[in-house]
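**Student:** Chains as they are written, first to last, in UniProt numbering: chain Y, 1 to 338; chain F, 1 to 135.
Heads up, a few of these hints could be off.
As the list claims (entries may be wrong) - No more than 30 Å apart at the CA atoms, straight line, and that leaves these computed lysine-lysine pairs for DSBU-like:
| id | chain 1 | residue 1 | chain 2 | residue 2 |
| --- | --- | --- | --- | --- |
| 1 | F | 42 | Y | 51 |
| 2 | F | 60 | Y | 228 |
| 3 | Y | 333 | F | 29 |
To be verified - In silico negatives: residues of chain Y with every beta carbon more than 10 Å from chain F:
| id | residue |
| --- | --- |
| 4 | 54 |
| 5 | 73 |
| 6 | 208 |
| 7 | 227 |
| 8 | 231 |
| 9 | 307 |
| 10 | 325 |
| 11 | 331 |
Claimed, not checked - Simulated restraints, written as ranges between beta carbons of each label pair:
| id | chain 1 | residue 1 | chain 2 | residue 2 | range |
| --- | --- | --- | --- | --- | --- |
| 12 | F | 14 | Y | 205 | 34 to 44 Å |
| 13 | F | 131 | Y | 280 | 56 to 66 Å |
| 14 | Y | 224 | F | 67 | 27 to 37 Å |
| 15 | F | 14 | Y | 137 | 27 to 37 Å |
| 16 | Y | 322 | F | 2 | 21 to 31 Å |
| 17 | F | 58 | Y | 206 | 37 to 47 Å |
| 18 | Y | 193 | F | 101 | 47 to 57 Å |
| 19 | Y | 92 | F | 94 | 32 to 42 Å |
Simulated from the structure, these hints should not be mistaken for lab results. Glycine included, C-beta positions come from ideal geometry on N, C-alpha and C.
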Amino acid sequence: MKANFEHLQSAHCENGVTTNLLRNVGVSKITEPLAFGIGSGLFFIYIPFLKVNNGPAIAFRTQPGLIFKRTCKALGIPVVRRKFSSKEEAQRVLDECLQSGRPVGCQVGVYYLTYFPKEYRFHFNAHNLIIYGKEDDNYLISDPVMETATTLSSYELERVRFAKGVLAPKGQLYYPKENHPVTDDQIKHAIKNGIKRNIRDMLHIPGPIAGVSGIRFTGKRIKNWRNKLGLHEAGLYLAQLVRMQEEIGTGGGGFRYIYGAFLQEAYAYHKDEKLLEIAQSFTKSGDMWRNAAVQSAGIYKGRLSTQEDFNLLGDTLIEIAEVEKQAFQALSKIKWHN
Amino acid sequence: MKKEDIPQDDGALNKLTKEVCYVVDGSGKYVTGLSSGWEVKKEALDVAWEDIANRINAAKQKVLNQEASPVLFFMEYRLMDMATVAAYTGFWQWQVKRHMKPAAFQKLSESKLKRYAEAFNTTVEDLKTMTTHEG
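Please model the complete structure; the sequences and the hints are all you need to start from.
**Tutor:** Now the structure itself:
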């Protein structure tokens, strides 16, 4: 059994799953940047008292699952999302969906994802992919970060669906419930609301660790890492920062570019020149994040090692915070007509 | 980032796939392009794996010195932390911590050893002898 499904590659897994599942129910105008922007995907948080893989807990994106949920909701598309305690039940429901020709989104852990190269397989449980068919014992998998579709045996799929630990997927699957026409007006409205929510998340969350304040906070912290952690450990922390920022499925600098692309696409619906100007600020911010990654690499590869290098890197993040703050402030001044 | 600046370095991922990037073209319009990898990212991943190798070796040494049980070794070998081991085995974290002591590990029942073996995707025999079969 095999649903009529076309695999399309994307920069980020949840955007890709959202876009591809919507396309499958006839909503073809939602591109990856639109899904990301309507779902208010851009974010930053640094949780200083928490450790992930023995390094700092930093995220450049909103909580897993929210992009799909918000985008569908904003477009008035009802969603089915199920978690399972029983593996048998999880497989039965999945098979039923496939039997009726419905591709489904699925949250999985990466550690046992056999088609990933070993170097990428950490205990990260919020990866998303689409299952669109089954042939003998093999499930047909559309992983949006891959160029082509792939397969997993039923045992392999069960293992990644029931990965354990932080953000355990619990067999979670989700899909848009029915074909649903989406009008340009709905998209227009969804864009506006997505931007407003993103302004709130980046500018107005109280406390120092989230949004643009979180970026500034991280910049200040980095300046202390050399003294506090020692050069070796500080290097490990920075490597983790860069991996959270640039790695497949998380892409932080990349997220800034996707947001820039989103604002350009938003212009097609809202015709306000300011959107195009502000898009450039996000391009700038994305470039600065990449620059910060280059500086970090200098430290963790031992080419740079003085306190001055840490200060410069910290300052880069503080500058990024300022660029993104101004960009979101400019967005908050846009007058929406509809 | 401009389209012509997309890095095309070697990376672990390029054995498998290229990655989609959003970049601007000559007129400032966003388009997508493919990247085979970026040196800076590859180095970050290398650093992470060097650290993992160090941790595994340190854990192995501790087990050989009778300062820890193979549970510690396999936790590092499987890139887990205490919370992940607890989640996979169904033990509490304080129990896992206790089972990392050689004396407590010696006394574990076969069924408990089996829970660890399953969590670490290995056999009870290999668990006890710290034997691994993958590269």
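**Student:** For every hint, state whether the structure bears it out.
**Tutor:** Each hint, compared with the structure:
1. About 22 Å separates the Cα atoms of residue 42 of chain F and residue 51 of chain Y, which keeps this hinted pair within 30 Å; it holds.
2. Simply put, residue 60 of chain F and residue 228 of chain Y have alpha-carbon atoms about 28 Å apart, close enough for the 30 Å limit, and the pair holds.
3. A distance of roughly 23 Å separates the Cα atoms of residue 333 of chain Y and residue 29 of chain F; the hinted pair therefore holds under the 30 Å criterion.
4. The beta carbon of residue 54 of chain Y sits about 7 Å from the closest Cβ of chain F, which is not more than 10 Å, so the claim that it is off the interface is violated.
5. Every beta carbon of chain F lies more than 10 Å from that of residue 73 of chain Y, the smallest distance being close to 25 Å; the non-interface claim holds.
6. For residue 208 of chain Y, the shortest C-beta to C-beta distance to chain F comes to about 26 Å, beyond the 10 Å cut-off, and the non-interface label holds.
7. At roughly 20 Å, the least C-beta separation between residue 227 of chain Y and chain F is larger than 10 Å, which holds for a residue marked as non-interface.
8. Remark: the non-interface label on residue 231 of chain Y is consistent with the geometry, its nearest Cβ contact in chain F lying 13 Å away (cut-off 10 Å).
9. At roughly 20 Å, the least C-beta separation between residue 307 of chain Y and chain F is larger than 10 Å, which holds for a residue marked as non-interface.
10. Even its closest Cβ contact with chain F, about 21 Å, leaves residue 325 of chain Y beyond 10 Å, as expected for a residue assigned away from the interface.
11. Residue-level check passed: residue 331 of chain Y sits 17 Å from the nearest beta carbon of chain F, beyond 10 Å.
12. Here the CB-CB span from residue 14 of chain F to residue 205 of chain Y is close to 37 Å, well matched to the stated 34 to 44 Å.
13. In this structure the hint that residue 131 of chain F and residue 280 of chain Y lie 56 to 66 Å apart at CB holds, the actual value being about 57 Å.
14. Look at residue 224 of chain Y against residue 67 of chain F: about 32 Å separates their beta carbons, and that is inside 27 to 37 Å.
15. As the Cβ distance of residue 14 of chain F to residue 137 of chain Y is approximately 30 Å, the hint placing it in 27 to 37 Å holds.
16. Restraint check, residue 322 of chain Y to residue 2 of chain F: a C-beta distance of roughly 23 Å satisfies the suggested window 21 to 31 Å.
17. Against the hinted window of 37 to 47 Å, the Cβ-Cβ separation of residue 58 of chain F and residue 206 of chain Y comes to about 41 Å, which satisfies the hint.
18. The hint said 47 to 57 Å for the Cβ distance between residue 193 of chain Y and residue 101 of chain F, and at roughly 55 Å that hint holds.
19. Checking the proposed 32 to 42 Å range against residue 92 of chain Y and residue 94 of chain F shows it holds: the Cβ atoms sit about 37 Å from each other.
When the structure is compared with the earlier hints, a violation turns up for hint 4 alone.
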